[in-house]
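A.B. asks: Mind assembling these two chains? They're in different frames, but the hints should get you there.
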Amino acid sequence: MSTLHLSTGVGGVLARCRAEGRAALIGYLPVGYPSVEGSIEAMVAMVEAGVDIVEVGVPYSDPVMDGPLIQAAAAAALEAGTRVDDVFTATAAVREAGAPPIPMTYWNVVLRRGVERFAADLAAAGGAGLITPDLIPDEAGDWVAASDAHGLDRVFLVAPVSTDERLAVVTAACRGFVYAASTMGVTGVRSAVGGGAAELFARTRAATDLPVCVGLGVSTREQAAEVASYADGVIVGSALVRCLAEARELSEGLDALRSLTAELAAGVRQRHPNT
Amino acid sequence: MSGEYTPGRFGAFGGRYVPEALVPALEELDEARQKAAVDPDFLAELDRLHRTYSGRPSIITEVPRFAGHAGGARIFLKREDLNHTGSHKINNVLAQALLTKRMGKTRVIAETGAGQHGVATATAAALMGLECRIYMGKVDTERQALNVARMRMLGAEVVPVEHGSATLKDAINEALRDWVTNVGTTHYLIGTVTGPHPFPEMVRDFHRIIGVEARAQVLQEAGRLPDAVIACVGGGSNAMGIFHRFIDDEGVRLIGIEAGGEGIESGRHAARFASADPGVLHGAMSYLMQDADGQTVESHSISAGLDYPSVGPEHSFLRDSGRAEYRYATDGAVMEAFELLCRTEGIIPALESAHALAGAIEVGRELGPQALLLVCLSGRGDKDMHTAAAWFGLVEDGKK
Numbered sequence: 001m002s003t004l005h006l007s008t009g010v011g012g013v014l015a016r017c018r019a020e021g022r023a024a025l026i027g028y029l030p031v032g033y034p035s036v037e038g039s040i041e042a043m044v045a046m047v048e049a050g051v052d053i054v055e056v057g058v059p060y061s062d063p064v065m066d067g068p069l070i071q072a073a074a075a076a077a078l079e080a081g082t083r084v085d086d087v088f089t090a091t092a093a094v095r096e097a098g099a100p101p102i103p104m105t106y107w108n109v110v111l112r113r114g115v116e117r118f119a120a121d122l123a124a125a126g127g128a129g130l131i132t133p134d135l136i137p138d139e140a141g142d143w144v145a146a147s148d149a150h151g152l153d154r155v156f157l158v159a160p161v162s163t164d165e166r167l168a169v170v171t172a173a174c175r176g177f178v179y180a181a182s183t184m185g186v187t188g189v190r191s192a193v194g195g196g197a198a199e200l201f202a203r204t205r206a207a208t209d210l211p212v213c214v215g216l217g218v219s220t221r222e223q224a225a226e227v228a229s230y231a232d233g234v235i236v237g238s239a240l241v242r243c244l245a246e247a248r249e250l251s252e253g254l255d256a257l258r259s260l261t262a263e264l265a266a267g268v269r270q271r272h273p274n275t
Numbered sequence: 001m002s003g004e005y006t007p008g009r010f011g012a013f014g015g016r017y018v019p020e021a022l023v024p025a026l027e028e029l030d031e032a033r034q035k036a037a038v039d040p041d042f043l044a045e046l047d048r049l050h051r052t053y054s055g056r057p058s059i060i061t062e063v064p065r066f067a068g069h070a071g072g073a074r075i076f077l078k079r080e081d082l083n084h085t086g087s088h089k090i091n092n093v094l095a096q097a098l099l100t101k102r103m104g105k106t107r108v109i110a111e112t113g114a115g116q117h118g119v120a121t122a123t124a125a126a127l128m129g130l131e132c133r134i135y136m137g138k139v140d141t142e143r144q145a146l147n148v149a150r151m152r153m154l155g156a157e158v159v160p161v162e163h164g165s166a167t168l169k170d171a172i173n174e175a176l177r178d179w180v181t182n183v184g185t186t187h188y189l190i191g192t193v194t195g196p197h198p199f200p201e202m203v204r205d206f207h208r209i210i211g212v213e214a215r216a217q218v219l220q221e222a223g224r225l226p227d228a229v230i231a232c233v234g235g236g237s238n239a240m241g242i243f244h245r246f247i248d249d250e251g252v253r254l255i256g257i258e259a260g261g262e263g264i265e266s267g268r269h270a271a272r273f274a275s276a277d278p279g280v281l282h283g284a285m286s287y288l289m290q291d292a293d294g295q296t297v298e299s300h301s302i303s304a305g306l307d308y309p310s311v312g313p314e315h316s317f318l319r320d321s322g323r324a325e326y327r328y329a330t331d332g333a334v335m336e337a338f339e340l341l342c343r344t345e346g347i348i349p350a351l352e353s354a355h356a357l358a359g360a361i362e363v364g365r366e367l368g369p370q371a372l373l374l375v376c377l378s379g380r381g382d383k384d385m386h387t388a389a390a391w392f393g394l395v396e397d398g399k400k
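Chains as they are written, first to last, in my numbering: chain A, 1 to 275; chain B, 1 to 400.
Next comes chain B alone, as it looks inside the complex (with noise of 0.2 Å):
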């Protein structure tokens, strides 16, 4: 954890590799949100629409039912799945978009795989009145259709990413290419905490709030610190901002569940940390699956929101450090954990959450029944439909 502080650098990773046409914009962007944090007027406009518009603080929720089958610990869930929108996306969009009209830009364009960061940001857009288009690769349009309708209600465009694996990965190098042509009126409103710096540190302190709530909330119900939070890791950003706040405390233990897809061995994974080595992509330095000539390999996940070849550089810095640990959790083992907390709690989670409640079933059987942990639920299932008719033959013509 030593070594001095570089901006941008989380020891190794991090940085700005990017196309020399952005750096005034990275620039800019660096100065307004280093502006905006000491802002007294920013920062109770962030927290009026917090408290008015997405419902903030989110409560936590102790799920005993759901811990029976998780070695007997008390287990508290972090309910981001509760704010506007259904998941914790909406906290660092509400920022952005702030950012954005302070910078006198009026056009946001946004990657998305899930389609969670697109409605939070046609959302925001819709209620800033900024003009919006939203890039999601073409697979992810047909798996997530239900939030393609929501994103174009609101007033967004979005366009289908054909090319390359028509994946997250590919919205983003659109996105990027869109970037760098508009990018006098344009923000790249970025969902995650990767990209170039400042996006990786903007888009966590953005984020924070979710583990400095519930730090308090967990303190207050339980009356001590968890032993472990736990938090699905596709880029990273609910994992960032419920880790942030426990890095100094030291008995705190925190996991990333990465998406195993159907196995490390399949090669249909997105378990960066199970599988790969440092490189760049998106701007940024962090573990990347790649091939041996430094080609970006495709990425597998049940949940379209964790389907990304890297992953956050602070993620890969924690986890060299050694604060962090990283596990995996396949699609068939977050199914059943999907299914477990809708039948003993009464909360359907996003398939990307699902990840993190896999992770503590197998956290809390290790610890036993006098730990307590607290589980980041990212967001709420209903777009995964779909995906749960189709896994267990909920409707005619599903299959298992």
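Only chain A is shown next, with the shape it has when bound in the complex (with noise of 0.2 Å):
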């Protein structure tokens, strides 16, 4: 486990992406996919390949923000006693491994453990924050004062039906970074990210100086390129998710990691030549 920094939130690597005059890729997998350790090792292969920030994924038994890969993933990973104390172990293997670990979980799992003994031992385990993608500000009084207490940073989501109150509103409560979920509906590699994805990376800019980072179906390195074109990172969970998923062993779904993980760093680089 890592010792306690006086800074451990996201902001300093996306300020280095940003001065490398490029986005940040920010990687998503789930804990205990295909197991505990399946998952810690593919975890730490994404930040090997290029991975940026790692959003470590806590499995829930009622993922209503994600797509069919997802919640499989998550099935199979509850099915095999994947434990909330996983996702700690699996946070610190990803800090020791050089990138920022920020879980994203479902609200209800903080709450059973209580939101201020959550927040203790994942600052413990060298966590960033929190991505809470059903948990709205107006809910969050007390993981506001939980990650002020831990120096925690609060990814909230904006989307595009989102009107300018409400991404005041969300802005005002992030710390870190703010996701711009591009598409309405849930995860899912998609063939297009969504038309109003940079019209919503543009509204949401005009709204915070916070890193505005996109996500919600990007799979490819030219979808990586184009988001990278105008936003600040480009977030990537279900194409990753399916190296595993499709692979007949780990070390097969880790060599795919491995390539598209590459091919998403190159495109985060990349100009994109329509801008």
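By construction, these hints were calculated from the structure, which means they are not laboratory data.
Treat the hints with care, since some could be wrong.
Stretch by stretch, here's where chain A covers chain B in the computed footprint (C-beta under 8 Å, at least three residues) [stated by the list, open to error]:
hint, stretch
1, 14-22
2, 171-177
3, 348-358
Idealized CB from N, CA, C, for every residue including glycine.
C.D. replies: Now the structure itself:
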């Protein structure tokens, strides 16, 4: 377990990427899929292959923002006995590998442990903060207090339907970055990143000075490059999970994961010709 | 019962634990229903539908032969089973379908457990020309096959949900995913007093007519208020509907009956108040069956409509504040009460409502012959004949 630094958030990495004139690559994988050990190996492999920040997925029984692929992975992880404690183990391993880990979790998992205790455990494991897809700032009083006390980032989501008033409320509550969910709908690979993504980014950019990272549907180098042409970070989930889901054994999945990560990492360094 | 009022909160319960993508739709809905609540045109249209379409006011029926097995108390049933489509669900559905049209949306989606809410929604969609998709757990489509056929007959698309426990909770997950994707055109017509604000409050208000009518009817028939009002509680919409008008009547006990399934110790039940702690599921803070990590635990009940691991947040508030009390009835006690009402009164209740009847037998025996009980008979039992036939061995291949 790493020692607690004054700043363990994602801000440093995002600033470094910006200084390099590129977007950050944020990769999601769920803990416990295909096994706890396998998922940790996979997260470390992603870091080695060029992911800047790891979104550590907390498996949950009722993931209403996730499409079939991630639902199935979470169900398999829970079926195999994955526990919340394993999330902290994975978090520490990612930090050790050199990238900031930021768990993405549905809120009841945090509530059940106790918001303050969860924050303390997360900080002790080297976690950067939390991404909370079903918590809006209006309900986040306890989390704001606990994340302040433990120096953790708070990443809330904005959506294409968010009004300018909501963008102001949500971005004001964020720390680290703002997650722009570019398409209306659940997670999953899409052939085209929603045309509304750039518009949502621009409206969010106007509301905050925080980095704005864009996710939902990115799976290829070209899509990563397209989003990277304007966003501060590109978030990829289902396409990475699919590498593990389609592999017959873990080593094959890790190879596919490294290869896709390298492609995506090249994408975020590429200037899109259309811009 | 004290404490300041926060919109969308019942004490510590309720709230709005949802993806940001749903916030505009929830705010639009909240605004629309508040406007409608004071709009004479909306109220007149809803009243007309109640009188000329669903058959309100529903009657109350005294059941002396049944009551003879319940300590001799006087028992009145509020007959929501006589509504069009066979349960109380139509009250809320007609109102929300009207709101859907007012919001300019053209499509409704809904979850259903027993199929009663799905049938009611498909009915209202047919009546008002709305596109309709119903999500139903695969397990429930099998045990409520007749209702699946009814919904399809009414023109709705029924989608069996196969993942998770393949019951009501998973149907809600899938409906929420649909809503997040299609929120611009679609209204999620939630069928009970759960979900994010404003659903618990709004659905309660649309069912409040049950208690308003019943209170006046009991006063007329019996000359006094009941000692207790008893209703089954899954999500808890019929219970909130009949309870709400009585909340200020301090002498009236409000008693909710949860599904005890195969018994609390078996772990196979849906008695949230007997076993659970507060948590968040489907947008609301309420009592929730969950494990040490906050993962939802699967519930169980012989009645699909009560087979849900959480409960409407206002029930959690009424329970913790002491205004209402909650008990449970096991599958066995429920089937006895079901049979008893059939044999003594010629009324076949829904298995959900039979939980309230089992509760009435228990409460009646405790209070004795001076007691006056009002029981919400939330639905009729036609849909449950397959389950009853198997339980009582009524057909050739049935089993006891």
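A.B. asks: Each of the hints needs a verdict: does it hold here or not?
C.D. replies: Hint by hint, here is what the structure shows:
1. 14-22: Held - the stretch 14-22 of chain B has 7 residues with a Cβ nearer than 8 Å to chain A, which meets the minimum of three.
2. 171-177: Since three or more residues must qualify, the claim that chain A covers the stretch 171-177 of chain B holds, with 3 doing so at under 8 Å.
3. 348-358: violated (count 0)
Of the numbered hints stated above, the single one contradicted by the structure is hint 3.
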